[in-house]
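Q: What follows is each chain in one-letter form.
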Amino acid sequence: MAGHDSIAPLPLRTGFAGFEDRIFELMDYRPYRYATLAALLLAAVAMPRFCSNYVLEIFTNSFLYVVLCLGLNIVAGYAGLLDLGYAAFFAIGAYTSGVLTSQFGWNFWLAIPPALALAAAVGVMIGAPTLRLRSDYLAVVTLGAGEIIRIMARNLKHITGGPSGLIGIKRPTFFGVALNQISHYYYIFLIMAVLALVVSYRLEHSRLGRAWKYVRDDEDVAEAMGIPKSLIKLSAYIMGAMFAGMAGCFFAAKMTAISPDSFTFLQSLMIVVAMVLGGMGKIAGMVVGALVMVLFPEVFRTIGPLRMLVFGVILILMMVFRPQGIWPVRRH
Amino acid sequence: MSLFDIITQQLANSLVLGSFYALVAIGYSMVYGIIKLLNFAHGDIFMVGAFIGFAVLSLLTGVIGNGWLGIAVAILLSMIATGCLGVIIQRVAYRPMLAAPRLSIMITALGVSLVLFNSVMAMTNGQYKAFDTGLSYEGIDYGSIHFSYTQIVLVIATAALMVGMTLFVNRTIWGKAMRAISIDMDVCRLMGIDVNKIIALTFFVGSALAAAAGVMAGTYYGSIHFFMGFVIGLKAFTAAVLGGIGILPGAMLGGLLLGTLESFGTQIPWIGSEWKDVFSFGILILVLVFKPNGLLGRTTIERM
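Listed in order, the protein sequences are those of chains A and B. So in the numbering used here, spot 33 of the first sequence is number 313, and the numbers just go up one at a time. So in the numbering used here, spot 96 of the second sequence is number 107, and the numbers just go up one at a time.
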């Protein structure tokens, strides 16, 4: 406690900002924080008992987005490297696991390590020569690399099934239970999201996580302090790639059919948007951003094709009035 | 056809493609140069320009016909209307964001892109629109090589726009202000330059050029679609970076070069047209890795 007493608490603001401060203050108090997390987890676990398959499907998708956002958050939020081709790693995970299980008859769970390894390897291949570029150019290079990987998935017909994609990916079993209900996938994706949250949290507060943020805030000073800049950046890139690869594996297993259309530039952008909407660099923000991103089009289903138009308007308003995101990192 | 014929024919085709890329790339490059924004909505501005041109041409068909005069009027009106749209977008979406982090303003651009894209999709029900012009495929034949008049006029029109653009940026007081702002915006404010007005002007000019390219592309390919801006946006962006983003001659050179590389790349037997985009993006990555400031860019020393 003594260490914290030396920092004077910030005065509470008024209005909506004050409301926000109150919530942050409550969440800073550990018992409240743990109680809230436990309540949320309990609600998530109990959900399949009360909700229709449609609702479960949506939440399953949002858990997938949580993992993708958390992965991109490591690359962009912690290490400050904007990746506009992030869906490529998602594609690599999905295709590796899809090809291994459908064409080579591998067990789904055994196909995960090679998928992660390949995602990491491609991360090194793209990252190693390009991470020294300044941020805008890095964004362009990752965009190009992402498109190249999508086009490869479309053109390498013998391996990936070409534009129509890979079909007949076998559904996995879990200790003898065939996973064929939406509620099964709901739980699998929930477990994956919780795991990703825990790993993200541990990484953020690790030596490596501090190095990422240091390099993000001032790479020259970080380097002067003896942090191997390039290695630290590359490690963030690889970690992000593996998160997306993992998400891709489970995505392929759930959908049983994947096509290059799931991994377009728009998909990469949507992940970036979810991350920025939520509040870059903040784990809770990633969950909020992912939920908003997936729930929004469903809630506004009634207005039909115009909903993406409304979404665009909200995105602009959001950036004009609250560029730091819904649940941002507090900086004193 | 001899090899020489094939090369010449491809060169002619690539000149047209490269012209479109270059015109769109100029807008990307100018906006990046002046406010350091990767304007993802620029491809959609191109698309909106094409649709405005289409609307004008449809209205004019009964009045002055859909020949060259009609097309010229359509291009001009579309340039003005789209330029104004660009200014409005800048005023509403980008001006409040000038002080915000770079990523936020990029996301705003994405929002603008979604709005434009989906509005046009809703208005056209996602249909292709046939760009009905009275132009024929006649032209000059030289051996087995064919240059249609449409191609020739489009390339000349593009060249005229580029020359005009270069003169505008290098010789006028507004152009000088633009160049000054791209070096240091705050000092320009102190010097009494109306920075907001010049930024708005930049958006007007960039959007107008994209609109010209949009109507020309509609004329050349014969049909337009709400999705047409996306790919050309990415390509123009590639072209701008290839030449050196923020540098005007760089955008022109990058556009023409990308058009040429793409046309010839698809002629290499073992590449084929489905690898066309891999080819362009591969070049982009190689350029950035080995010459990060683009072909015409100067090496900048970053602060320590």
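Since the hints were made in silico from the structure, they are not lab data. Any given hint could be a false lead.
Claimed, not checked - Mimicking SDA-like on lysine to any residue, the simulated pairs with C-alpha atoms at most 20 Å apart in a straight line are:
| # | chain 1 | residue 1 | chain 2 | residue 2 |
| --- | --- | --- | --- | --- |
| 1 | A | K509 | B | G73 |
| 2 | B | K187 | B | V166 |
| 3 | B | K302 | A | K493 |
| 4 | B | K302 | A | L411 |
| 5 | B | K302 | A | M405 |
| 6 | A | K493 | B | L114 |
| 7 | B | K140 | B | G73 |
| 8 | B | K302 | A | K437 |
| 9 | B | K47 | A | K509 |
| 10 | B | K140 | B | K187 |
| 11 | B | K287 | A | A408 |
| 12 | A | K437 | B | K287 |
| 13 | B | K47 | A | K437 |
What the hints assert, rightly or not - On the chain A side, residues computed to face chain B include the following (Cβ under 10 Å):
| # | residue |
| --- | --- |
| 14 | G426 |
| 15 | V479 |
| 16 | L483 |
| 17 | L586 |
| 18 | R587 |
Quick caveat: nothing in here was measured; it's all calculated off a predicted structure. Every residue, glycine too, gets a C-beta built ideally from N, C-alpha and C.
Q: Hint by hint, say whether it matches the structure.
A: Outcome of the hint check:
1. Between K509/A and G73/B, the direct Cα distance comes to roughly 66 Å. Violation of the 20 Å bound is thereby established for this hinted pair.
2. Using a Cα cut-off of 20 Å, the hinted pair K187/B and V166/B is violated, with the two alpha carbons roughly 27 Å apart.
3. A C-alpha spacing of about 28 Å is found between K302/B and K493/A, which places the hinted pair above 20 Å, so the restraint is violated.
4. Taken as a hint, the K302/B and L411/A pair is honoured in the structure, with Cα atoms around 14 Å apart against an allowance of 20 Å.
5. In summary, the hint linking K302/B to M405/A is supported, as the alpha carbons are separated by about 18 Å, within the 20 Å threshold.
6. Taken as a hint, the K493/A and L114/B pair is honoured in the structure, with Cα atoms around 17 Å apart against an allowance of 20 Å.
7. Restraint check for K140/B and G73/B: the C-alpha separation of about 18 Å stays at or below 20 Å, so the hint holds.
8. Of the pairs offered as hints, the one joining K302/B and K437/A is violated, with about 34 Å between alpha carbons and a cut-off of 20 Å exceeded.
9. For the suggested pair K47/B and K509/A, the alpha carbons sit about 25 Å apart, so the restraint of at most 20 Å is broken.
10. Distance check on the hinted pair: K140/B and K187/B sit about 40 Å apart at the alpha-carbon level, beyond 20 Å; violated.
11. In summary, the hint linking K287/B to A408/A is not supported, as the alpha carbons are separated by about 25 Å, beyond the 20 Å threshold.
12. Pair hint K437/A plus K287/B holds up; C-alpha atoms about 16 Å apart against a cutoff of 20 Å.
13. Using a Cα cut-off of 20 Å, the hinted pair K47/B and K437/A is violated, with the two alpha carbons roughly 40 Å apart.
14. The restraint placing G426/A at the interface with chain B holds, with a minimum CB-CB distance near 9 Å, inside the 10 Å limit.
15. At its closest, the beta carbon of V479/A sits 24 Å from a beta carbon of chain B; the interface hint therefore is violated under the 10 Å criterion.
16. Checking L483/A against chain B: minimum C-beta separation of about 21 Å lies over 10 Å; hint violated.
17. Taken as an interface hint, L586/A checks out: its beta carbon lies about 6 Å from the nearest beta carbon of chain B, inside 10 Å.
18. This hint holds: R587/A has a C-beta 8 Å from the nearest C-beta of chain B, less than the 10 Å allowed.
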